[in-house]
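So the protein sequences, as listed, match chains F and S. Per our numbering, residue 1 is the first one in the first sequence, and the count goes up by one each step. Per our numbering, residue 1001 is the first one in the second sequence, and the count goes up by one each step.
To be clear, the hints were calculated from the coordinates, so they are not data collected in a lab. Keep in mind that the hints are not guaranteed to be accurate.
Beta-carbon label-pair distances, calculated as ranges [to be verified]:
1) S:Glu1167 x F:Ile100: 26 to 32 Å
2) S:His1225 x F:Lys185: 53 to 59 Å
3) S:Asn1203 x F:Asp217: 34 to 40 Å
4) S:Glu1171 x F:Glu69: 52 to 58 Å
5) F:Asp422 x S:Leu1013: 21 to 27 Å
6) S:Asn1328 x F:Glu225: 20 to 26 Å
7) S:Asp1305 x F:Val308: 57 to 63 Å
Below 20 Å or equal to it, Euclidean Cα-Cα: the simulated SDA-like pairs (lysine to any residue) are [what the hints assert, rightly or not]:
8) F:Lys43 x S:Leu1168
9) S:Lys1036 x F:Leu399
10) S:Lys1036 x F:Leu401
11) S:Lys1166 x F:Pro402
12) F:Lys185 x S:Leu1168
13) S:Lys1166 x F:Phe91
14) S:Lys1005 x F:Asn429
15) S:Lys1036 x F:Phe403
16) S:Lys1005 x F:Ala195
17) S:Lys1036 x S:Val1148
18) S:Lys1166 x F:Pro457
19) S:Lys1005 x F:Arg196
20) S:Lys1166 x F:Leu399
21) S:Lys1166 x F:Phe118
22) S:Lys1036 x F:Pro214
From a predicted model like this one, the values you see are computed outputs, not experimental measurements. The beta-carbon is built from N, C-alpha and C at its ideal position, and this holds for glycine as well.
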Amino acid sequence: MLFNSIEFLVFFPIVIALYYAVQYKWRWLLLLAASYIFYGSWKIEFLSLIALSTLVDFYVGKQLYENTEPKKRLKYLLLSLGLNLSLLIFFKYGSFLANIALPIVPIPEWRKNQIVSFLAFDLPVGISFYTFQTMGYTIDIFKNKIKPEKHLGKFALYVSYFPQLVAGPIERFKHLQPQLLANNKLTYRNLCHGARLMLYGFFIKMVIADNIAPLVDAVFESPLEYSLVTKWTGILGFGWQIYADFYGYSLIAIGAARCMGVELVSNFKTPYFANSIQDFWRRWHISLSTWFRDYIFVPLGGSNVNKVIWIRNIFVVFILSGLWHGANYTFIIWGAIHGLFYLIERFIKVPNRSFLKPIHWLKTYLIVSFAWLFFRAKDISNAMEVLFGSDSLYSTKYLDLPFELIIGFIIFIILEFLFKSDSVNSVLNRTPFALRWGGYGIIIFFILSFAGTTNHPFIYFQF
Amino acid sequence: MEIIKNIGLRILLLAVITIATSAIYKRYFYDSFLEKEGFLLYRLNRSVNADYLFFSASSDYTFDSINDLDTSRVSILTMNYCAKSVKSIAGGAHHAGVFKQLIKHIPKNKIEGIIVSFNIRSFSPKWLTGINENLLQKYAALYKPNPVLISRLTASLKFYPIRTQKELEQERNTYFSSWLLPYLFPKNTVKNWYSNENQFSTNDSIANISLEYLKSFAFVINDNHARTKDFDEIIELAKSKNLKLILHILPENMEEARRLIGDSLTALIQANRDFAIARYHNPTANVWVIDNLEKVRHVDFTDRDFPTEHYNQNGRTIIAKSIAKQLNAIK
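Isolated chain S (complex conformation) (with noise of 0.2 Å):
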C-alpha cells in the first residue's frame, strides 16, 4: 500500500510538470523550434490570411538567379495574372506525404483555397527511397496536428520510418526489378530496361542521364501506390475544410525523355499525366487538376544533368499564367 501511495504522489507531481512544461513550451518555445525545424507549419501559421495557399517543392523557386530578370517564385508570379493573394509554403524535395499534414492545420473558412504541385516524379522509386526521404518523414510527423509537445517528441524520439542507406537502396533495387510496366522484355522492368545498355548511347554522360530519366519516369502509377493515397487524403481534407482544391500537374522535361528514351518513357509518363486527370479532375466536387505537363521546353528547364522541375522565368511564367487562368475560371 505504501508502494502505491509513494508511486501514486510521484506520477501526480510528474504530470503536474509536464503540464507546466507543456504550457510554458507552447508560450515561449514552440514558434521559435519551429521557425528552426518545422519552416513550412511556420509559415503556414503565418499565411492564413491569404486566398489561396500554394503548397509546393523547390519548382516554386528560381535556379537560375543569374539570367532571370524576375527571381521570383511560381506562387508570386500568379499573381500578376489574377486577382487572388497567393502565398507560397514551399520546401525541397517535399511532397504529397508533407503537404497533406500541413493541409491539416488550415483554420476552416479561413482561407478559400489550396494549390497543389502534383509532380509527377515524386511517385517515382527514387523519390520514395530519396535521401531526403528521412528527413521528410521526420517534417511529416511533426506537422501531425497533435498536441505541440506530442509533435515535438516525435521528432526527439525519431517516431517516424527511419531507414538507412543500405535499406533504401535495397527497396530501390527491388522496385526496379519487379515493378512491371506495360511493355515486354526488355522494357517491362526498369532493371530490365537499363541492362539492355545498347539502345543509350556509348556517351558515358549521356548514358548517365539517360538512366537517370528511366529511374525517374518508367513506372505506372495506380491506386494502391503511396503517394496517390496521399493525394486522396489531401481530396477529402480540402472537401473537408471546405477548400477549393487546384492539383497542377508539373512540367516534366518531355523534350529531353524523348529525344534520349524515346516514346516508350513519354507514353508512360502521359499514362501516369492522365491517371491523374481522371482521379481526380471533378469541378463540381471543387478539385480541377490543371495539365502543365508538356508546357515547358527543353529551354526553359535549368538543369541538364539530371531530371528536374526547376524552370527558369520563362518556365515558371507559363505555370503561374495557367495557375492564374484556373483561378480567375473559378466563381
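Okay, chain F solo, but in the shape it has when bound (with noise of 0.2 Å):
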C-alpha cells in the first residue's frame, strides 16, 4: 500500500478512527494488525521475514539483558546480526554477488542460470529499513543503553509501525517505543499538525517528484539522443525528484505517525542549502547517518583515531552508505564521491567568509548532483553515456518542462527557503489563517490538478 494510493486514503482515516475509539490497552493490537495489514498488502509472503527478524531480534534482546557473561552476549548479539544481514544479503545482494562469483565457479552452464534465476525474486519491500532498525534494537541492548521489551506484540510493533516501516525514518526504541506506548490523547493540535505535513509530502512528492520523473527517464534512457545542456538538466533533475520523492515520502510518514501523537526523527533539513559535504550529511537522510555513525563509525575508533585509520573509517561508512542503497557498483562509487570530498574538505581548510558562501554552497551543490548521476545510473556505462556520450551542445531533442512543474518547482523552493531554519509546523503556526488557508487551496489544488500520472513508486522503497 503506498501512501499516495487510494488504498492508504480509505485505511489511514479507519486506522486513526479507531485508535482513539478503542480502549488505550488494545492501541498496540489495532496498530500491529494495521501496519501487519499495510505491509502485508505488498505480498503476504514478505510478512514471514518481518516475523522471523521481529521474532529472533525479541529473544536475542531477552537474553542480553538476562545474561551478564560477556562470550554469551557477545553470541547472542551475533545471532541478531547474522540473521538480519543475511536476509539482507540474501534478497537484496544475492543477485549481485551470484553474478560476480558465478562466473569463476567451476559449475555447468544450466545450473547457474538456475541459480540466477531463483534469485530473481522482487525484494522485500523496505527490508534496509527495519533490518537496520531491529539491528540497532539489539546493539543498545547490548551496550547496555536501553533495557528490552517484555511484550512480543509491542516489540512486533516498534518492528513494524507502518507509517515509518517501508522507508523510514529509522527508529531508535529509545525514541519511538516509549510514544507507541503512550496513552496519546485526541488533540486539535496533533491532528492538525500531522495533516499539514501530509498535505505538503504529497504535494512534493506527486506534483515534484512525480512530474520530474518522466524527464530524469527520457535522459538516462537514451542519453545519446540529448545534449549536453539537457542531460545536465536530467542529472539535476534526478537530485530534486529523490530529494522530493524521500522528503515526501518522509513528511506523510512523520505527519502519519503525528495524527496518533507520535513524533517520529525528522529525516531532512533543506539539504541542497548545505554548504561542506559534512553539512549535506547532518541535512539528508539523517535517521540513516545518524545510524552509520553510531553503530559503525563510532566502534571503528571514529575520529579519535590516527589519520590513516580515520580516513579508513570515513570510506568505510561511505561506502557501506552507497551498499546500503543497493547491490550495484554505481552505489559504492555514490558513497566513494562522497566520502573523497568529505576527506579533500576536511584537509583543504578554506576560510567560512560570508562572501565565499556561495561558493561553498555552489560547490557543496555541484558535487552532490555529479554523485546522484552514478545513484540513478542503471549500471557504470550509462552513467559515462550521460556524462560523454553526446558531443553535440545543440541536440534538436529538448526536455519539455511542462509549465505546471516549473510552477510547483518555483512554490516548492519559496518554501524551501520558508523551512530552512525553522519546521513546516513552526511557519504555518506563525502565518495568518486567510494567508495559511490561501497556501492550502494552491497545495490541493496542484496536488488535485497536475500530480504525475506515470507510475512512479518511491524511490526508497527499492532500498
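Could you use the hints to bring the two separately framed chains together as a complex?
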C-alpha cells in the first residue's frame, strides 16, 4: 500500500478513527494489525520475513538483558546481526554476488542459469529499513543503553509501525517505543500538525517528484539523443526528484505518526542549502547517517584515531552507505565520491567568510549532483553515456518542461526557503489564518490538478 | 466539542477548495491534460459529429510509408467506398478493455454507430500480460466516465491494476503451462508444444518467429475470457446507446501461421473466429461481425519478425472495402 494511493487514503482515516476509539490497552494490537495489513498488502509472503526478524530480535534482546557473561552476550548479538544481515544479503545482494561469483565457479552453465533465475525475485519492501532498526535495538541492549521490551506484540509493533516501516525514518527504540505505548489523547493540534505535514508531503511527492521523473527517465534511458546541457538538466533534475520523493515520503510518514501523537525523527533539513559535504550529511537522510555514525563509525574508533585509520573509517562508512542503497557498483561510486570530497574538505580548509558562502554552496551542490548521476544510472556505462555520450551541445531533442512543474517547483523552492531555519509547523503557526488557508488551497489545487500520472513508486522502497 | 467545531470548519473549507479546484480544472486545464495523456478521449470528444467512430489499434495506420502510395488509415480509406463519415479513435496496442470505457462517453443519439476492431491476438496471454498492459490499464481508468477530477486522481493515485515485470512474466508462464488446448500431448499446452522444438526449425530466426506465432495464437477463447467480457460489455453499451455496431475481425497472417506451425495452429485461430461470429453476429440487434480473418495475403503484411496486424496499402484497402460494404448494406 503506497501512501499516495486510494487504498491508503481509505485505510489511514479508519486507523486513526479506531486508534482514538478503542481502549488504550488495545491500541498496540490495533496498530500492530494495521501495520501488518499495510505491509502484507505488498505481498503476504513478506510478512514472514519481518515476523522472523521480530521473533529472533525479541528473543536476543531478552537473552542479552538476562545474561551477564560477555561471551554469551556476544554470541546472542551475533545471532541477531547474523540473521538480519543474512536476510539483507540474501534478498538484496544475492543476485549481485551471484553475478560476480558464478563466472569463476566451476559448475555447469545450466546450473548457473538456475541459480540466477532463483535469485531473481522481488526485493521485500523496506527490508533495509527494518533490519537496521532491529539491529540498532539489539546493539543498544548489548551496550546496556536500553532495556528490552518484555511484550512480544509490543516489540513487533516497534519493528513494524506502519508510517515508518517501509522507508523510515529509522527509529531508535528509546525514542519510538515510549511514544507508541503512551496514552496519546486526541488533540486538534496533533491532527492539524500531522495533516499539514502529510499535505506538504503529498505535494512534493506527487507534483514535484512524479512530474520530474519522466524527464529524468528520458535522459537516462537514451542519453545519446540529448545535448550536454539537456543531460545536465536531467542529472540536476534527478537530484530534485529523489529529494522530493524521499522527503515527501518522510513528511507523510512523520505526519501520519503525528496524527497519533507520535513524533518521528526528522529525516531532512533543506539539504540543498548545505555548504559542505559534511553539512549535507547533517541534513540528508538524517536517521540513516546517524545510524551509520553510531553503529559503524564510532565502534570503528570514530575520529579519536590516527589519520590513516580515520580516513579508512570515513571510507568504510560512505561506501557501506552506498551499498546500503543497493547491490550495484554505481552505489559504491556514489558513496566513494561523497567520502572523497568529505575528506578533501576536511584537509583543505577554506576560510568560511560570508562572501564565500555562495561558492561553498555551489561547490557542494555540484558535487552532490554529480554523485547523483551514479546513483541514478543503471550501471557505470550508462553513467558514462550520460556524462560523455554525446558531443553535441545543440541536439534538437529537448526536455519538455511542463508549465505546472515549473510553477510547482517555484512554490517548492519558496517553501524550502521558508522552512530553512524553522520547521513546517512552526512557520505555519506564525502565518495568519487566511494566508495559511490560501496556501493550502494552492497546494491542494496543485495536487488534485497536476500530480504526475506515470507510475513511479517511492524510490526508497527499492532499498 | 471544540475539536469537532474546529475540524468541521476545516472540512468545510476543504470541500470549498475541492469544488473550486474542480471547476477551475475542468474549465482551464482538463482539455490540455486529455490532449497530452488521454488522447483517445480528447479525439472522441471532437469526433461525435461523424456518422461512425472507428475504434482500433495500430492496425489502422500505415507502417510502410515508403512503399504505400496512399498512407491513409483504414478508417479514412473506408470513406472512399461508402457515403458515411468515419472518424478514427485508434491508439497503439489498445484493446476492447480500453474501447469500452471510451464508448461510454459517446452521447446518446449523436452518432449512428461504431466500428470496433476485433483483434483475435488481443485475447492471447502474450497481450494480456504484455509490457503495455499497465499503461493500457491506466488509460482504461482514466477514460472511465467519472467526474474529471476523480478521473485525474485515479491516474495520479494509480488506482488501476499495476503488475511488475516479474509478475507479468510469471502470469504469462502460468498461462502457457496451464491453459489447455484441444489437442493431445504435446500440443495440449503452449509450453509442451514449444518444448517439443523438433517440429519447428533448426534455423534460429525461423524457430523464434514460430515460437512467437505459437505464443500469440495458441489459445481458445471462451465465455469467461476477460476480453470476451469486454466485448460483451461493448455489445450492451451499443445497445443502450442505440448505436449500430460493426465488429470487424482483423486479418491475421494465416499463410505464415500455416507455414511455420501448421494447420493445428490455424485451426485454433479459425475456431476463435467462429466463436466470435457465433456469439456476436446478430443483425436484428444491430450487431454485425465482419469476417476478414483470411482476407489479407502474407505479402500485404508489413512485419516479418513477429505476428502483427500491420498491413500495407493493399491490405488496408481490402479491410476498408469490406467495412464499407457492410456500412452500405446497413439501412
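Taking the hints in turn, this is what the structure says about them:
1. S:Glu1167 x F:Ile100: 26 to 32 Å: holds (27 Å)
2. S:His1225 x F:Lys185: 53 to 59 Å: holds (55 Å)
3. S:Asn1203 x F:Asp217: 34 to 40 Å: holds (37 Å)
4. S:Glu1171 x F:Glu69: 52 to 58 Å: Because 54 Å falls inside the window, the suggested range holds.
5. F:Asp422 x S:Leu1013: 21 to 27 Å: holds (24 Å)
6. S:Asn1328 x F:Glu225: 20 to 26 Å: violated (48 Å)
7. S:Asp1305 x F:Val308: 57 to 63 Å: holds (60 Å)
8. F:Lys43 x S:Leu1168: Cα-Cα ~15 Å, so holds.
9. S:Lys1036 x F:Leu399: The given pair, whose Cα atoms are some 15 Å apart, holds under the 20 Å limit.
10. S:Lys1036 x F:Leu401: holds (13 Å)
11. S:Lys1166 x F:Pro402: Violated, because 32 Å separates the two Cα atoms, which is more than 20 Å.
12. F:Lys185 x S:Leu1168: Violated, at about 46 Å.
13. S:Lys1166 x F:Phe91: holds (15 Å)
14. S:Lys1005 x F:Asn429: holds (19 Å)
15. S:Lys1036 x F:Phe403: holds (13 Å)
16. S:Lys1005 x F:Ala195: holds (17 Å)
17. S:Lys1036 x S:Val1148: Holds, at roughly 15 Å.
18. S:Lys1166 x F:Pro457: With a Cα-Cα distance of about 16 Å, the restraint between S:Lys1166 and F:Pro457 holds, given a limit of 20 Å.
19. S:Lys1005 x F:Arg196: holds (18 Å)
20. S:Lys1166 x F:Leu399: At roughly 30 Å apart (the allowed maximum being 20 Å), F:Leu399 and S:Lys1166 break the hint.
21. S:Lys1166 x F:Phe118: This hinted pair holds, its Cα atoms lying about 12 Å apart.
22. S:Lys1036 x F:Pro214: Satisfied, since the Cα-Cα distance of roughly 14 Å is no more than 20 Å.
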